[in-house]
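Number of protein chains: 2
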Amino acid sequence: MSKVIINGVEDSKLSVSDRGFQYGDGLFETITYKNNQLQLWKEHLQRLNDSCDRLSLKKVDESLWLEDVKKLDLDNDSVIKLSLSRGNSARGYRYDEESNVTRVTASFDLPSYPEDNQSGINAIICKTPVSMNTALAGMKHLNRLDNVLARNEWNDKAITEGFMLDNQGHIIEGTMSNVFCVLGAELYSPQLEQCGVAGIMRQQVIDIAEDLNIPVNIVDISKPNFMQMDAVFITNSLIGLWPVKTITDGENDVTFQQNELIDIIRKRLQQLVAD
Amino acid sequence: MSKVIINGVEDSKLSVSDRGFQYGDGLFETITYKNNQLQLWKEHLQRLNDSCDRLSLKKVDESLWLEDVKKLDLDNDSVIKLSLSRGNSARGYRYDEESNVTRVTASFDLPSYPEDNQSGINAIICKTPVSMNTALAGMKHLNRLDNVLARNEWNDKAITEGFMLDNQGHIIEGTMSNVFCVLGAELYSPQLEQCGVAGIMRQQVIDIAEDLNIPVNIVDISKPNFMQMDAVFITNSLIGLWPVKTITDGENDVTFQQNELIDIIRKRLQQLVAD
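Protein chains in written order, with our numbering: chain Z, 1 to 275; chain C, 1 to 275.
If a hint is listed, it holds; no wrong ones were tucked in.
Derived lysine-lysine pairs resembling DSS-like cross-links, with alpha carbons at most 27 Å apart:
#1 C/K13 <-> Z/K71
#2 C/K59 <-> C/K70
#3 Z/K81 <-> C/K13
#4 Z/K59 <-> C/K127
#5 Z/K3 <-> Z/K34
#6 Z/K58 <-> C/K157
#7 C/K59 <-> Z/K13
#8 Z/K58 <-> Z/K71
#9 Z/K70 <-> Z/K59
#10 C/K70 <-> Z/K13
#11 Z/K81 <-> Z/K59
#12 C/K58 <-> Z/K127
#13 C/K81 <-> C/K59
#14 C/K3 <-> Z/K13
#15 Z/K13 <-> C/K81
#16 Z/K70 <-> C/K13
#17 Z/K58 <-> C/K127
#18 C/K13 <-> Z/K59
#19 Z/K71 <-> Z/K34
#20 Z/K127 <-> C/K140
#21 C/K81 <-> C/K34
#22 C/K140 <-> Z/K140
#23 Z/K13 <-> C/K71
#24 C/K70 <-> C/K81
#25 C/K140 <-> Z/K13
Everything labelled a hint here was simulated from the structure, so no lab data went into it.
Excised from the complex, chain Z in its bound form:
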């Protein structure tokens, strides 16, 4: 972390009573900062605020977040991570509705991804299932132990992502990304009513596809069906879109060919964040 602003002040420490630490009682957003701009800022803020409503967490004024970002004194393209927790409290799950939230605004160097990832990454199927809870599904909350365990199932640098399944064997997402499949001239992506994070870049892809009259089917996708798609790609706010070249689940390998539809969507996505 190059710099951290906590509740408007440069700092590096939090109270041990913070409910973020005690219970993962909070939310976060990971945002690309490029050419002096927070990419898709309105969308990130909207998701954060919508999730605040779902968790009965006090919303932070947009102006405060933007002041915090200013205080980071960014002079390079960066990753900005916003975290929002329910603040300090006494022991116990019960919270005081009046208590102040903790807001953390931090900058990080942009990761230097291999150029090769643009033509396709290698992925595995993880053994760790995704946590299921309709009351938490879709949100980028601080309860991420399932992603942590899944991401640490592999050490091989040639593997970039791992896909996580729900307890009924449906593909839900990558450990750090959303997933789309191409079959014929249509897109398929997992429904996230019971689990998973509804990514900002995922929604951009859905909107672009709609714009291009490409049908997007938000459905349950079993692992066998997943392995038989024409093509697969992943999305998140830092990587944009990467095609998947290979997937292995330890028993079966599948290799995907380059797919024209992915190239079309990626081009539109790149224009969108460049605007």
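Go by the hints and put chain C onto chain Z.
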């Protein structure tokens, strides 16, 4: 919190990079300290260490925990909370297996529960489901947003506990307790293979029942079956055992009579922690 020891030193703050805050990447234990003793210490330490193995989290030597507790300078009966996180890390779910854990040992005043709770509490059925994940089930990890949301569904001081269901409608646990049912001369308690916390006091009750030749059925319990039991009680490390007097789910109310079996088990439980 009256006093906090972080990694052996009295402190009140943590790094904002701590994975406990970032992802809820850690564990905790809540222990009663009475008559200069940590109640059921071996059992708490065992669960913590078993969970460390499941999360590939570095275990902390018993001697270090006990030194930390000593540093709390306790002169009253207290609640001791141990927290263990995967320590600081860079951004991202991936962790460094060699990195140091963060251990937090904190003391709190013993809660002053109403004396009436011993004869029975009032409970509700919560709308927030419990999070399901076989890889996390049973552990007292730091991903507790489901308990937080469930506990904050009610404000009425006459309600002491809320019961949480899984996504198939099975009763799993209370927001802060495990649950047992009495039917005839047998006990029933939810199986926790997919979700829930396997409490220390729960295991004590199971052991006591075995000792008394009372059958304990660890099974799926639907809400309709739950509401038709002869009696219900809850357990945790601070309260020991409380009978449930009434349960309401907003539509149906059920009132339970005093039950002799509960009294027998409670007596044994009280002897056990007094030993």
